[in-house]
Structures are given as C-alpha cells and as structure tokens.
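There are 2 protein chains.
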Amino acid sequence: MNVLVLGAGQLARMMALAGAPLNINISAYDVNTDNIIHPLTQAQLGSGLAQALAAADVVTAEFEHIPLPILEECQQSGKFLPGAAAIKAGGDRRLEKALLESAGAASAAYRIIRSEADFNQAIAELGLPLVFKSALAGYDGKGQWRLKTADDAKQIWQQIAAFLAADTKQAIVAEQFIRFEREVSLVGARSSSGEIKVYPLTENHHVNGVLSVSLARPVTQALQLHAEKMFTAVANHLNYVGVLAIEFFEVQGSLLVNEIAPRVHNSGHWTQQGADCCQFTNHLRAVCGLPLGSTALIRPTLMINILGEDVVPSSILTLPALGLHWYGKTKRAGRKMGHINLSANSNAELKALFAKLIDQLPASAFPELEQMLQRI
Amino acid sequence: MNVLVLGAGQLARMMALAGAPLNINISAYDVNTDNIIHPLTQAQLGSGLAQALAAADVVTAEFEHIPLPILEECQQSGKFLPGAAAIKAGGDRRLEKALLESAGAASAAYRIIRSEADFNQAIAELGLPLVFKSALAGYDGKGQWRLKTADDAKQIWQQIAAFLAADTKQAIVAEQFIRFEREVSLVGARSSSGEIKVYPLTENHHVNGVLSVSLARPVTQALQLHAEKMFTAVANHLNYVGVLAIEFFEVQGSLLVNEIAPRVHNSGHWTQQGADCCQFTNHLRAVCGLPLGSTALIRPTLMINILGEDVVPSSILTLPALGLHWYGKTKRAGRKMGHINLSANSNAELKALFAKLIDQLPASAFPELEQMLQRI
Chain A
1 MNVLVLGAGQ LARMMALAGA PLNINISAYD VNTDNIIHPL TQAQLGSGLA
51 QALAAADVVT AEFEHIPLPI LEECQQSGKF LPGAAAIKAG GDRRLEKALL
101 ESAGAASAAY RIIRSEADFN QAIAELGLPL VFKSALAGYD GKGQWRLKTA
151 DDAKQIWQQI AAFLAADTKQ AIVAEQFIRF EREVSLVGAR SSSGEIKVYP
201 LTENHHVNGV LSVSLARPVT QALQLHAEKM FTAVANHLNY VGVLAIEFFE
251 VQGSLLVNEI APRVHNSGHW TQQGADCCQF TNHLRAVCGL PLGSTALIRP
301 TLMINILGED VVPSSILTLP ALGLHWYGKT KRAGRKMGHI NLSANSNAEL
351 KALFAKLIDQ LPASAFPELE QMLQRI
Chain B
1 MNVLVLGAGQ LARMMALAGA PLNINISAYD VNTDNIIHPL TQAQLGSGLA
51 QALAAADVVT AEFEHIPLPI LEECQQSGKF LPGAAAIKAG GDRRLEKALL
101 ESAGAASAAY RIIRSEADFN QAIAELGLPL VFKSALAGYD GKGQWRLKTA
151 DDAKQIWQQI AAFLAADTKQ AIVAEQFIRF EREVSLVGAR SSSGEIKVYP
201 LTENHHVNGV LSVSLARPVT QALQLHAEKM FTAVANHLNY VGVLAIEFFE
251 VQGSLLVNEI APRVHNSGHW TQQGADCCQF TNHLRAVCGL PLGSTALIRP
301 TLMINILGED VVPSSILTLP ALGLHWYGKT KRAGRKMGHI NLSANSNAEL
351 KALFAKLIDQ LPASAFPELE QMLQRI
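Protein chains in written order, with the UniProt record's numbering: chain A, 1 to 376; chain B, 1 to 376.
Excised from the complex, chain A in its bound form (with noise of 0.2 Å):
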C-alpha cells in the first residue's frame, strides 16, 4: 500500500516509521517546493502533485494549512481521507467554529471580526475579556491578541487592521476569554467503517503558546466519556476517517472545544510508548481500511517536546522506559526538533523519573518542567 502524506515534516516521518512494519509505503509532497519525498530519507522521489497522486493508493495530511487549489486536487484524486472538508475545517477558524456548532460541540462563544464595527460589536456582545484568533494559518500561539481591558482596545484594534489589511484572505475570530484549569486533549480515530477508538484523555502544557509537555494517565471516567462524546459527535459530522486531535478547556469538571486538529497530533505523540497502538500506527490502520488497534493506556507516560535543540545529554538514556525521538531536523530556535516519552509503573514512579530527568535537562531549554512536575 502507497500513502501520500501532504507536508514532509516530523508528522510525515513518523507515519513512514510506523507504516513500514504494516508494508505500508510513505512518500511525502512537501507543499512549498512541489517535491515528491521520502520522509524518512529525504531522497526525491518525484516532483508535481499529479504525479504524487498517481503513485498514491491513499492520500491523506500532516497538516491542515495547505493551499486550497492542493486541497481541491486531492479531493478529486477520490483518495484523500479525512479529506478536504476535515482539512479546511481545521485550518480555519471559521469553519472550524460553525463545524463544532453544527456536531453541537461546546466552545467558546465567538464572533468573526473583519471591521472596526464587527470588533466593537464582539467587545460590546461577548465582554471582555477577549482573545481574538486570526482564522487561517495561526497555530502555535501565533495571530493571537489578547484584551483584558477596554483600555487598551483602540491599540489593539490597531495591530489587528495592520494584520487584515496585509492579507485580505484573513478574517478574526473573537472569541471569550476562558479562564481554564486545564489544558487537555482527546487524540482518536475513525475507521472507514464508523468504528471509533479514543486514546485517555491527555493534559498538556504549552509555554509561550507552544506545546511543552503532555501527560497521560488514568483519567476520570466522566471527564472522558464528556470528551469522547463530542469527538464522536465531530468525527461523525465530518465522516472522518483517521486521527482527529481534539484540544479542550477544562472548566470547572467541564469541557470546551479550543481548537481541532484534523491529523495525527503533537499531544498523541506519548502513544508510541505509552498505548497499546500508537496514533500513527491507527491512522494508518484507518486511512487504509484496517481496523484500529487498541488505545487502551499501557502505563503512565508522559511527553516532552525538544524545541529549538539538537542534542540533549545522553546520561537520559540511562532512565529506564525512556524513549527519545529525533526528527532528523537541522537546528533552529524554538523548532520543533524531537520529542522524550516516558513511562512509568505508577504515578508515582513517574514523578520521581521525570524529577530524575529535569535534573539532567539544561533548564535554559526546557523552562516550566518543574511547575509540571507539581502537578503529576
């Protein structure tokens, strides 16, 4: 089986890791230089998404900020799964919105904002505070602003005309300021049959807007089947298939809907150590007509992004149930170059693991382990 991956990143390399033992073949089209490539190798294998598509059984996305004509192309290649709607759903907050509105999906309330009145209005409608998202390619804590007081919103409005009027594809979405306990995400996948397996709820930790760490761990039984049902319930809407991300706010023992990811995803990478089958290995299974394997938690395990590093001290490796994962990146500040997973018996035995390693980890690399650590 051939899968074509859109996007040529660590996402599309992992799934070349875990389709291999499935004899399942990845190439990558890297969007921007219109190159066939292996994502493992990186060799060249071809140029020009006709061509890609020709040698694909199946297509599918690493990321969902892909040029619309691409998109339109693959969905009428008959192969792209979850396909262009679930894509262009999670690469647009628009749609993104009216999508969870639709599946009856809680989130915040919101506005779209393309004018100095639609931003009076949303203020005038919603409260403050506010937090105003740019619709298309924001992620990672990036187009983001924030309005904590009436004061401060001519400025603001300021900073977000400059960002409308130097793009006119762009649009604002306004939406309250939830004030959240908890960061927490569901990864799971749809089968081409409708089957649905969740993995436990995951909680993370971003720090300046990026992921830092996730944590997964036996959770509370109502906090997951709350989550697991507006996964279903989004799944279900888009006809899914493969791995959805969903990102919520824990609020009071309740969830919202923050943002979906319509593609195996950062807080899911802990599955490679951690489930029974991880969240390559089931889209995989999904996107080619497999059944999913089990999501079941093997042990507690936890995740940590290795940002803007290309060497971690090797005295890590010594701590047992240890996993580190390179992307075979070159060195960049703040990219995303590879990831730690541990695990461990308990929670317990986790918490003193992860101590152990923050010991051994510079802190000028890894800020904020420590208050996680508090929090385990």
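The hints are simulated quantities; they were obtained by calculation from the structure and are not laboratory data.
Be a bit skeptical, because a hint or two may be false.
To be clear about the criterion: a stretch of chain A counts as covered by chain B if any three or more of its residues have a C-beta under 8 Å from a C-beta of chain B, and this derived list gives those stretches [unchecked claim]:
#, region
1, 17-24
2, 35-48
3, 295-303
4, 306-318
5, 324-338
All of these numbers come straight from a predicted model, not from anything done at the bench.
Yeah, the Cβ is synthetic: ideal placement off N, Cα and C, and Gly gets one too.
Fit chain B to the known structure of chain A by using the hints.
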C-alpha cells in the same frame, strides 16, 4: 551517526526503524551483490565495501555467515562492532565451542569430525544419540544429522562424507544429543563501557528447526541468573559490544548453551512491544557508544513468525496489543516474511488472546501453535 550493517535483510530493516528516532542513519551492505542499500526503501546508495566503510561511523552485522575477507576489511576499519572475532565465533561451530569452553559456559560435549575415524571415535567416546552439525553456515536446522542407533552409522557417515567432500572448508561438529525440556534464549546487550543488560529468558518453540513462537514472561529468578552468568562470561570474554543472543537447552532446571548469535535475534523481536527498550534500539545504543536502555519486561508478550506467507487475515488487527511486522519481502516458501507480537497484562489473558489469534490464522501456514498454547 551513520551505521553500516553487513547484510540487508529484516534485521537491518528493523535497525533502520529503531535508529531513525536516535538520528542514527542505517545503510546496509549486501555481501552477495556488493551493493550498499537503504534497508527500508531498498534504494541503492552506492556499491563496494570500501565506499560503504568510508561513509560509516560504525559497522555492525545482522548475520554471522559473512565471507572472511569482508570481515577482515571491516575489522581493519577500526569501526566494526561487535567485531570479527565475535562474528566468526557465531559463524563457525568449532570457534563457538572453543569460546564456550574458554568462557566456562556449559554446553553439550562435542568432537570435531573431518574423517570416518573421527566419526567413529566420536560415537565411541560420546555415545549415542549424537547430533552432527556443519561447522559453517548451518542454521535454521540445515546441515544437521541425527544418529540414534549404531545401525544407521554407515548411512549417516555417507551423507556427512558427501557433504564434506563438496566443501573442503567445512567440518562437522558432533554433539551429544540433549534431551531438553525447553529451549530458551537470553538476548542482552553489552555496552562499550562493559555494562550488561539482559532481557528476561524467552521460551522458544521451533517447527522443523525454524523458530515459530517466542514467549517472554516473568521467569524463575534462579534460571535467569544462571543464564545471565553465562551471558556475562561469553560477552566479557569477547569484549563484546552490541546485542548478543544465547540459545539454551533447559535440562532438569539447568541450562546448556546450544548456540550463540552475535547479533539481534529472532527470539528478541518481542522486545519491540514487550520491553522498555527493544533489542534493535539497544544494539544501536551499544555500538554507537550510548547508554543501554532498560531491558525490563513490561508485560507478558509472545512473538509468532510468519513463514512463507505475505498476507494474514486483517481481522487479527482487532486483537488488543497486537503488532504486525512485515519485512517487505517477496513471498517464498518457508521464508521469514514477518512476525506478530502479542501482549497482555497477565499470562491468562495472553493465553486467551493467543487462542483467539490461532482461531483466525490458517493452520496450514501456522502449524503447531495449539501445542504452544498449551504451554502458556
């Protein structure tokens, strides 16, 4: 880090999959074709051993039946681990027997046979039954004869004589036949600093001399320590670096070495799913000078070889904690095409899952699994 593997089969392929997350790039030198290939994509990267060695930081091997000139050239590169002596000992039963004697590791009494006089002397001194094994290139049950009664001696000698006449480099090692209760193996790693970590003893079940099922579960501490002591003696004697496998016969609670394999081993494939750090990762960590990973058992796990088949019912993928590993090979009768790993939280649960799996596998392609089921 660039690691060259002598041999381009499934073990090199699985090293490539395990190496990628450590940013260790694997290329494979096919000793038959002189080609350098990528063991996952099969893309040709070059040709000739000199080129292959020049591009490598470390050289290792996935099999032991390697022409001596190639071993010598690798040894001279100063990059070869576990090194020519270990590979030779694994590929020549005479050297293997001498090694075991030197290291004080118990194995069946033996004689080296080059003539009919040697043959008759071995019978006189060791008694019957005897097993005659070719000194070179005999594995998976090939090049072996059993002599049970003196009546058959002439006939067996004629077969052996013809075998020796056809290849003047060959010799035969005669061994006392061991009436063993179980075949077990110990897979472990020794690092460049002399650190040793071994996985739990694995119970192996062969069909027609070829491994069919390996079973890893908590083992008797005394037996484990006994095996570990011999492993340590052999590995230290060779100043071994990398993963080493030792196959044992279990006889009345004691262990006799059957043979050693100076490499990752089929009976260690279960570690991909059942151990903290798998044998492929640990081999690469060892030869690349990194600390070894934990070899602890996570939960009972068994591995089933897929021989001569390139398809299995996809319904087996519905079983929890089942990993299917194909090697991307062309189908050929009896060929090792892939394997299945199956894990569970207890022996009883594993037995129940195994029974379900057996029900779904064609008995013609997977003979004798029922027998193994009775032993769990």
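Here's how the hints hold up against the structure:
no.: 1; hint: 17-24; verdict: holds (count 5)
no.: 2; hint: 35-48; verdict: holds (count 4)
no.: 3; hint: 295-303; verdict: holds (count 3)
no.: 4; hint: 306-318; verdict: holds (count 4)
no.: 5; hint: 324-338; verdict: holds (count 5)
When the structure is compared with the earlier hints, no violation turns up for any of them.
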